[in-house]
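Protein chains in written order, with UniProt numbering: chain A, 1 to 533; chain B, 1 to 315; chain C, 1 to 271.
Any given hint might turn out to be false.
Listed next, with one range per pair, are the computed distances between beta-carbon atoms [said to hold, decoys possible]: (1) B:73 <-> C:94: 33 to 41 Å; (2) C:73 <-> B:131: 43 to 51 Å; (3) A:462 <-> C:263: 36 to 44 Å; (4) B:10 <-> C:263: 36 to 44 Å.
These aren't lab readings, by the way, just hints derived from the structure by calculation. The structure presented is a predicted model; accordingly, all values stated were derived computationally and were not measured. Ideal Cβ positions, reconstructed from N, Cα and C, are used throughout, including at glycine.
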Amino acid sequence: MSLLRIDDLSLSIHGFDILKGVNLIIEPGEIVAVTGESGSGKSMTALAVMQLLPDGARTSGSIRLDGQEILTLPETRMCALRGAAVGMVFQEPMTALNPVKTIGDQVMETILIHKAMPPDQAEDRAREVLTRVGLPPDRFPLSRYPHELSGGQRQRVVIAMAIALRPKLLIADEPTTALDVTTQAQILDLLKGLVDEYGMGMLMITHDLAVVADMADHITVMRHGEVVEAAPTPQLLAGMKHPYTKMLFAASEHQVTLPEPLGQEPLLAVANVVRDYPLPRTRLFARPGQHRAVDHVSFTLHRGERLGLVGESGCGKSTLTRAILGLEPVQDGHILLDGQPVYTGNRPNLAVRRRMQVVFQDPYGSFNPRHRVDRLVTEPFFLLEKPPTGTERRDRIAEMLTAVGLSPDDAGKYIHEFSGGQRQRIAIARALITRPQLILFDEAVSALDVSVRAQILDLLAELCAAYDLTYLFISHDLSVVRTITDRVMVMQAGRIVEQGETEQVFSDPQHPYTEALIAAAPRLPRRRPMVAR
Amino acid sequence: MLRYSLKRALSLVLSLAVASLVIFAVIEVAPGDPASFMLGVNAQEDTLAALRAELGLDVSKTERYFTWVAGMLQGDFGVSYTYRTPVSKMVADRMWVSLPLALYALALSTAIAFPAGIYAASRRGKAGDVAVMGATQLGVAVPNFWFAMMLVLVFAINLRWFNAGGFAGWDKGIWAGLHSLTLPAVALALPQAAILARVMRSALLDILGEDFMRTARAKGLTRRQALWRHGVRNALIPVLTIIGLQFSFLLAGSIIIEQVFYLPGLGRLVFQSISSRDLIVVESVVMLLVFAVIMVNFLVDLAYAAVDPRLRSRT
Amino acid sequence: MSRNLILGAALSSLVVLAALLSFVWTPYDHAALNIPAKLQTPGAQHWFGTDHFGRDMFSMIMVGARTSIAVALLAVGIGMSLGVPLGLTAAARKGSWLDELIMRGNDLVFAFPSLVIAILITAVFGAGAVNAIIAIGIFNIPVFARITRGAALSLWEREFIMAARVAGKGAARISAEHILPNVANLLIVQGTIQFSLGILAEAGLSYVGLGAQPPTPSWGRMLADAQTMVSFAPHLALIPGVAIILTVLGLNLMGDGLRDLLDPRIRVART
Numbered sequence: 001m002s003l004l005r006i007d008d009l010s011l012s013i014h015g016f017d018i019l020k021g022v023n024l025i026i027e028p029g030e031i032v033a034v035t036g037e038s039g040s041g042k043s044m045t046a047l048a049v050m051q052l053l054p055d056g057a058r059t060s061g062s063i064r065l066d067g068q069e070i071l072t073l074p075e076t077r078m079c080a081l082r083g084a085a086v087g088m089v090f091q092e093p094m095t096a097l098n099p100v101k102t103i104g105d106q107v108m109e110t111i112l113i114h115k116a117m118p119p120d121q122a123e124d125r126a127r128e129v130l131t132r133v134g135l136p137p138d139r140f141p142l143s144r145y146p147h148e149l150s151g152g153q154r155q156r157v158v159i160a161m162a163i164a165l166r167p168k169l170l171i172a173d174e175p176t177t178a179l180d181v182t183t184q185a186q187i188l189d190l191l192k193g194l195v196d197e198y199g200m201g202m203l204m205i206t207h208d209l210a211v212v213a214d215m216a217d218h219i220t221v222m223r224h225g226e227v228v229e230a231a232p233t234p235q236l237l238a239g240m241k242h243p244y245t246k247m248l249f250a251a252s253e254h255q256v257t258l259p260e261p262l263g264q265e266p267l268l269a270v271a272n273v274v275r276d277y278p279l280p281r282t283r284l285f286a287r288p289g290q291h292r293a294v295d296h297v298s299f300t301l302h303r304g305e306r307l308g309l310v311g312e313s314g315c316g317k318s319t320l321t322r323a324i325l326g327l328e329p330v331q332d333g334h335i336l337l338d339g340q341p342v343y344t345g346n347r348p349n350l351a352v353r354r355r356m357q358v359v360f361q362d363p364y365g366s367f368n369p370r371h372r373v374d375r376l377v378t379e380p381f382f383l384l385e386k387p388p389t390g391t392e393r394r395d396r397i398a399e400m401l402t403a404v405g406l407s408p409d410d411a412g413k414y415i416h417e418f419s420g421g422q423r424q425r426i427a428i429a430r431a432l433i434t435r436p437q438l439i440l441f442d443e444a445v446s447a448l449d450v451s452v453r454a455q456i457l458d459l460l461a462e463l464c465a466a467y468d469l470t471y472l473f474i475s476h477d478l479s480v481v482r483t484i485t486d487r488v489m490v491m492q493a494g495r496i497v498e499q500g501e502t503e504q505v506f507s508d509p510q511h512p513y514t515e516a517l518i519a520a521a522p523r524l525p526r527r528r529p530m531v532a533r
Numbered sequence: 001m002l003r004y005s006l007k008r009a010l011s012l013v014l015s016l017a018v019a020s021l022v023i024f025a026v027i028e029v030a031p032g033d034p035a036s037f038m039l040g041v042n043a044q045e046d047t048l049a050a051l052r053a054e055l056g057l058d059v060s061k062t063e064r065y066f067t068w069v070a071g072m073l074q075g076d077f078g079v080s081y082t083y084r085t086p087v088s089k090m091v092a093d094r095m096w097v098s099l100p101l102a103l104y105a106l107a108l109s110t111a112i113a114f115p116a117g118i119y120a121a122s123r124r125g126k127a128g129d130v131a132v133m134g135a136t137q138l139g140v141a142v143p144n145f146w147f148a149m150m151l152v153l154v155f156a157i158n159l160r161w162f163n164a165g166g167f168a169g170w171d172k173g174i175w176a177g178l179h180s181l182t183l184p185a186v187a188l189a190l191p192q193a194a195i196l197a198r199v200m201r202s203a204l205l206d207i208l209g210e211d212f213m214r215t216a217r218a219k220g221l222t223r224r225q226a227l228w229r230h231g232v233r234n235a236l237i238p239v240l241t242i243i244g245l246q247f248s249f250l251l252a253g254s255i256i257i258e259q260v261f262y263l264p265g266l267g268r269l270v271f272q273s274i275s276s277r278d279l280i281v282v283e284s285v286v287m288l289l290v291f292a293v294i295m296v297n298f299l300v301d302l303a304y305a306a307v308d309p310r311l312r313s314r315t
Numbered sequence: 001m002s003r004n005l006i007l008g009a010a011l012s013s014l015v016v017l018a019a020l021l022s023f024v025w026t027p028y029d030h031a032a033l034n035i036p037a038k039l040q041t042p043g044a045q046h047w048f049g050t051d052h053f054g055r056d057m058f059s060m061i062m063v064g065a066r067t068s069i070a071v072a073l074l075a076v077g078i079g080m081s082l083g084v085p086l087g088l089t090a091a092a093r094k095g096s097w098l099d100e101l102i103m104r105g106n107d108l109v110f111a112f113p114s115l116v117i118a119i120l121i122t123a124v125f126g127a128g129a130v131n132a133i134i135a136i137g138i139f140n141i142p143v144f145a146r147i148t149r150g151a152a153l154s155l156w157e158r159e160f161i162m163a164a165r166v167a168g169k170g171a172a173r174i175s176a177e178h179i180l181p182n183v184a185n186l187l188i189v190q191g192t193i194q195f196s197l198g199i200l201a202e203a204g205l206s207y208v209g210l211g212a213q214p215p216t217p218s219w220g221r222m223l224a225d226a227q228t229m230v231s232f233a234p235h236l237a238l239i240p241g242v243a244i245i246l247t248v249l250g251l252n253l254m255g256d257g258l259r260d261l262l263d264p265r266i267r268v269a270r271t
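Model the full structure from these sequences, guided by the hints.
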């Protein structure tokens with residue numbers, strides 16, 4: 001008897017079909033990964049097993065846990081299963097814990113709610129599982145509140161809650177997506193260890209194919225609510241049958257060819273830059289402390305060069321970006337574009353600003369929802385002394401929209417009419433319209449699905465050839481930076497710890513931190529070419 | 001926690017200082033010469049001079065302000081011009097009607113609103129929710145003093161369960177006093193309870209959408225258990241803000257309601273003083289009301305810290 | 001459009017129409033005394049009956065609507081025209097001394113309920129409808145400042161504001177071009193709610209004699225007059241009360257309906 005057996009599961013929410021005839025089997029001790037792009041229904045599959053679906057959801061088919069049908073189980077019986085027989089770990093550790101309760105109370109709650117043991121034993125068990133997930137009570141007392149822990153530590157608490165009663169099945173819904181690579185590697189190790197130790201089955205939902213290939217015994221690929229392919233991992237990696245699976249794997253290790261970088265003429269000079277933030281006042285009459293977000297950073301970006309900047313969250317890369325854009329003053333050092341400071345006196349230098357543009361991460365938050373595309377992409381014209389008007393303006397808009405793969409007719413539409421990938425194209429059009437000398441890409445492809453990301457990377461490569469772009473590409477995603485830049489810098493705790501030719505740095509890292517980053521990043525195994533039988 | 005409290009206390013003192021300056025400026029500087037304002041246009045020159053001396057108008061404005069503040073700190077609010085008695089004594093007597101009335105109403109309002117709001121949130125979209133929401137929509141629209149008149153009509157004039165007005169006094173026992181404050185408190189409380197119930201409901205519904213509520217359900221809590229164990233305490237944070245604000249409305253509202261029930265509270269005192277142009281009394285009563293509101297906001301700030309551990313550990 | 005919005009808009013426009021109509025027509029002269037016809041119950045001749053001076057209640061309600069609407073509307077105007085720029089400024093200069101000053105000022109004004117402001121003004125300058133407008137208006141300022149700042153702050157975190165800053169636009173231009181249009185819905189909804197609260201506050205102030213003075217008719221004073229007669233002429237108290245309730249209910253329903261129509265995520269501050 002399988003631990004979990006899903007047969008012909010269909011789900012609709014308020015009449016919209018979300019899942020269509022999904023089948024899935026998990027055996028004890030086995031990790032089954034469900035993967036796919038956004039909208040594939042992978043998370044809904046997990047929630048269906050927990051029976052925590054949103055209001056208005058209707059299911060048909062069968063979900064059997066240890067032979068017991070779940071879909072027809074009364075809610076009270078389902079409550080007895082959740083937390084005891086099935087545990088669940090969620091994506092967002094920052095919000096998954098109740099901010100006003102201690103971690104000890106929250107872990108103990110799993111035990112007490114099922115009346116599994118008396119309170120004093122429950123407390124011992126809470127200590128034990130917290131120790132098991134790497135939060136020993138001598139360093140992390142049960143009386144800690146969630147806000148006193150980091151993201152990775154909070155995810156460990158969530159895991160402790162999920163495994164406190166040794167469930168037979170653990171469901172992990174994008175458990176490491178919100179975490180940095182080094183933390184991700186640790187959490188994945190922890191989950192794998194737990195599965196081995198307890199002999200649990202694990203249903204793992206993730207969009208990251210490298211994680212999937214690394215962790216899972218069995219892979220299920222979904223698209224638009226349907227399973228397109230399912231096979232044991234080695235088999236699937238060796239011989240994908242469905243074109244969508246092939247496309248997905250190809251896209252996630254997509255490579256582009258950049259044109260040869262141009263000469264060695266310096267464009268952006270960053271020298272000894274320091275950026276301090278005042279910390280919140282801790283004493284009434286003492287001077288507030290300082291947090292040094294950027295610590296004596298120096299580098300030069302040459303004309304026609306594509307430079308990468310990698311680092312984990314909080315390393316100071318966003319702060320550095322804002323300083324280069326002249327949005328904030330720096331406390332020491334200077335930033336020069338073509339020899340001129342980006343920030344003069346106490347205001348940004350507009351003469352320099354008009355030669356720089358930026359593309360942000362969030363394709364949904366980057367645009368004023370009340371403006372049309374023509375107004376959105378021409379916003380940088382505000383920097384020009386004589387902004388083009390009339391036909392010239394129209395032509396420039398049309399040229400840019402065409403260059404990024406959209407149609408000139410799109411100028412009259414509102415932003416909500418576009419998909420995430422199209423929005424990112426519009427963001428690139430906006431950045432290019434003034435023909436800036438330098439573009440900053442701030443995590444510009446991080447929020448996109450792999451197939452869309454591959455298209456945007458292709459677009460960037462094309463634009464490099466057409467417009468001789470010079471850019472600084474800021475990202476936490478090493479594989480993207482590796483293909484889209486000529487040179488790369490690695491940032492840690494406000495400092496640049498290593499910089500050099502991209503290929504050189506990736507194949508032969510010099511600094512231990514670079515080494516750790518590269519080692520932690522999950523990679524797709526090199527696939528053998530398919531052998532004809 | 002201590003640091004947080006100290007910081008709030010400092011801001012309390014600052015607010016009181018600025019508020020007293022504003023009140024002083026309006027009452028003692030705006031009318032020009034307060035003495036001739038208080039006595040009217042036909043005042044004799046020697047009575048004017050006498051009053052000026054009595055009010056201490058012969059010194060500079062700055063000095064007068066500090067004398068006033070210093071007096072208040074010692075419980076001396078000056079002497080009423082019309083009644084010739086110390087204002088502190090008059091205010092203290094009236095305070096024993098207005099303050100219990102406001103607190104009584106606050107207690108009623110909270111006691112009604114919490115269950116109603118929680119009930120509506122837990123039955124979201126169902127008949128119970130619709131009924132509670134409809135009732136609160138109506139409750140929000142009812143002027144409390146009109147509602148008070150209707151209560152008098154029904155419960156005092158027709159049913160004769162309560163007196164139509166007047167105050168029994170506390171010396172006859174706490175129950176007699178509470179009894180005569182019941183109709184006024186209900187009149188004050190119901191419209192505020194309607195508002196508070198709506199706030200409670202929407203705060204809870206916001207919390208129900210939070211990730212940690214889903215985590216709680218994944219542990220095996222039922223909807224109701226999750227709502228009570230994880231929802232209510234988090235929802236208290238926005239609700240506390242409203243309770244703090246409501247106190248000032250209840251205090252102000254009690255001044256109006258006192259007119260309906262002929263209660264000898266601060267309201268009666270202040271309206272009599274306005275008509276007799278007794279600025280000294282008006283000034284003191286206003287300062288006292290503002291003091292009460294600022295004080296309650298300070299207490300609400302402390303309550304925040306009790307509810308939310310994030311505030312305790314920050315500053 | 002929701003049922004709320006239709007019902008609310010219908011009720012509110014009925015009151016506004018009655019107020020406007022009263023400028024050109026009322027069944028009787030609202031101020032005309034007719035002692036022989038005093039204290040009539042509602043009937044064919046006097047739809048809402050007459051008061052103790054024989055004045056026609058229906059006409060008084062129509063003219064009283066004028067006072068209520070004028071006071072509440074002007075108070076919302078004061079609150080918005082000062083509160084919104086203050087809120088925008090505070091958000092644009094988040095964390096600066098200016099932000100701190102504006103927010104502390106807000107807290108201070110919140111400590112003065114409109115009744116207390118009205119008491120202060122009346123004690124020194126005498127009673128009148130203008131007092132009510134100023135008192136309620138001052139109280140509205142921090143309400144609008146606070147919600148504008150709150151909404152603007154979350155907008156300032158958005159990347160499209162960053163993009164505008166990168167395009168060289170200053171805080172004032174960004175506030176006008178990007179922030180204000182995106183908080184407009186919120187302001188419309190909150191404005192409706194403050195309008196209804198203004199109607200209630202005006203009634204309370206004129207009930208205790210701090211608002212409109214005779215001969216200007218107002219619902220609050222009609223209630224004050226009715227108080228001593230409530231045992232034998234309850235319609236004198238019932239009718240103005242119901243008028244207030246229906247107006248406020250209509251505005252609140254309209255506010256909720258507008259919120260659902262414009263942006264269901266809007267949270268109104270209601271106190």
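Lying within 33 to 41 Å: is that true of the beta-carbon distance residue 73 (chain B) to residue 94 (chain C)? Given range 33 to 41 Å: holds, Cβ gap about 36 Å.
Looking only at beta-carbon atoms, does the pair residue 462 (chain A), residue 263 (chain C) fall within the given range of 36 to 44 Å? Since the Cβ atoms of residue 462 (chain A) and residue 263 (chain C) sit about 39 Å apart, the hinted range of 36 to 44 Å holds.
Indicate whether the distance between the beta carbons of residue 10 (chain B) and residue 263 (chain C) respects the range 36 to 44 Å. Check passed, 39 Å falls within 36 to 44 Å.
Cβ separation of residue 73 (chain C) and residue 131 (chain B), checked against the hinted range 43 to 51 Å: Distance hint for residue 73 (chain C), residue 131 (chain B) is violated at roughly 33 Å.
Consistency with the previously given hints fails for number 2 only.
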